[in-house]
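Since chain A is already given, all that's left is putting chain B with the ligands on it; use the hints.
Chains as they are written, first to last, in this note's numbering: chain A, 1 to 240; chain B, 1001 to 1247.
Keep in mind that a hint or two might mislead.
Label-pair restraints from in silico Cβ distances [said to hold, decoys possible]:
id, chain 1, residue 1, chain 2, residue 2, range
1, B, Gln1191, A, Gly47, 46 to 52 Å
2, B, Gln1191, A, Leu13, 21 to 27 Å
3, B, Glu1049, A, Thr213, 35 to 41 Å
4, A, Ala214, B, Arg1020, 44 to 50 Å
5, A, Val43, B, Arg1009, 56 to 62 Å
6, B, Glu1029, A, Ala95, 50 to 56 Å
7, B, Ile1129, A, Trp140, 51 to 57 Å
Hint data in this document are derived by calculation from the structure and do not stem from the laboratory.
None of these values were measured; they are calculated from a predicted model.
Positions of the beta carbon are idealized from the N, C-alpha and C atoms, including for glycine.
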Amino acid sequence: MTPVATHTSAPTLVKGSRAARSTITLKILMAASGIVFIGFVLVHMYGNLKAFAGHDAFNEYAHHLRTFGEPILPYEGLLWIVRVGLIAALVVHVASAYALARRASTARTQKYAVKKNRSSSLSSRTMRWGGVTILVFLVWHLLNFTIGKINPSGGATNDPYNLMVDTFDLWWMTIIYLVAMLALGLHLHHGTWSALQTLGLTGTAAARTRAKTAGWVLAVVIAGGFSLVPLFVLLGVISK
Amino acid sequence: MKLTLNIWRQADAAATGEMRTYALDGVSEDMSFLEMLDVLNEQLNAKGEEPIAFDSDCREGICGTCGLMINGQAHGPEVTTTCQLHMRSFKDGDEITIEPWRADAFPVVKDLVVDRGAFDRIIQQGGFISANTGSAPEANSVPVPRDKALRSFNMATCIGCGACVAACPNGSASLFMGAKITHLGELPQGQPERDQRVVNMVGQHDHEGFGGCTNIGECAAACPKEIPLDVISQLNKDLRTALKHGH
Ligand code: HEM
Ligand code: SF4
Ligand code: FES
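So that you can see chain A by itself, here it is in the shape it has in the complex (with noise of 0.2 Å):
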């Protein structure tokens, strides 16, 4: 047996790099994306507490979301404004996650037969097939509450509150949202961290350690408050 001459896929110096075409770009839109969706369903987490105020609390809440801003701004124009940029953000945020998955799955064409994980979060290692599953979950959510206004129980449509007490009084469409909330919780726990490491803020093992509870503490308000509302509809104490 001879061995043939080392052969390398890219034996080459590359010549004028860009910093604004390189994968840390990438990163870098995914963390600014990110973190416009962490601002939006805080807020929007806040919102859904409402409900915890009764009926007229809650749509009265819905209907001042669109009326923000009158006369400045025409109906729904701050909804509509907030929605654009939510639009472009998950563009920019689903294209380069999807960017960044390629380049790994070539990365390693041959795979390990034995690899393990060391030190990795279970969040960590899920965040593709998390982001996937709050891509689905939120096609659905918007079906169901905003575009669509499909009430899965049959009832009237035109009433935000009661349509929400109708979809969560289902127990399986409560499980639903649940699931997604537990995906949306792991993919915050990992994705804060990683957001505030791509933007290059966690140079120090202090600064590491907060970055992670940060995590943390967005991950279980925010799933944890989302879930608080179907599953207090569940259990009677949210009711029509």
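Here is chain B with the ligands on its own, set in the frame of chain A:
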């Protein structure tokens, strides 16, 4: 002690390899992991079989030449290099799976030997400072604050072994680059080329086909020199700064 070894055999870069199983008896727990492989190779030689090719040089944990995936862990179960791993970390009767580093940017040359030329090319793109030689300046003329000197020195202990890439689920070399960026970026001598360094090194890294970092952290856990994850934050920060400066 007696071991069952599952080892990756591949005749050359173009061949398709396979795992093969070997039984090895009489292994002392005082042997290093590479000495254990030396014993196996002597037996293979005696039988007229092709010995198993693996890399090593210093065998004292400082050169970064050795590096094997041992039971799914880069450099095995301890925080050290493969050459400094000893058989006392294993038990009689153990089954040990040994594979080369797996990354398309590190193609297998033969058996357990991979070509890490990609690291050399990343270094060529910026892992240096430009200085006139021939007239050594007075060493104390450039003061370096103690904390910066210490951090720079600690990150300079990276030996370029590639365990970080091998352990990373994305096949990213961010920890390696971060170590170099931090080592040179903490020193006054590293400043003139700082923006260009990070852009060129990352450009080469991406060109070689390494994956993007998702901050999973398997790299730092596998690193025999305990390079911490902060260096990846530093790498990202330097790239962001270069972006702002229009590079
Ligand atoms: C819509 C579907 C989504 C998909 C497909 C998706 C996918 C991903 C993927 C693959 C990553 C990279 C994983 C990593 O860095 O380890 C990521 C990071 C992140 N995601 Fe998402 N995600 C989605 C929605 C969300 C939402 C709703 C939020 C916030 C509430 C969010 C916040 C973040 C954050 C903060 C990061 C960290 C960015 C970084 O690593 O620098 N994502 N996402
Ligand atoms: S950072 Fe650690 S694991 Fe990576 S090449 Fe350097 S010494 Fe090896
Ligand atoms: S042979 Fe030099 S570090 Fe292992």
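task: Just pull the numbers of the violated hints for me, sorted ascending.
output: Per hint list: single violation, 3.
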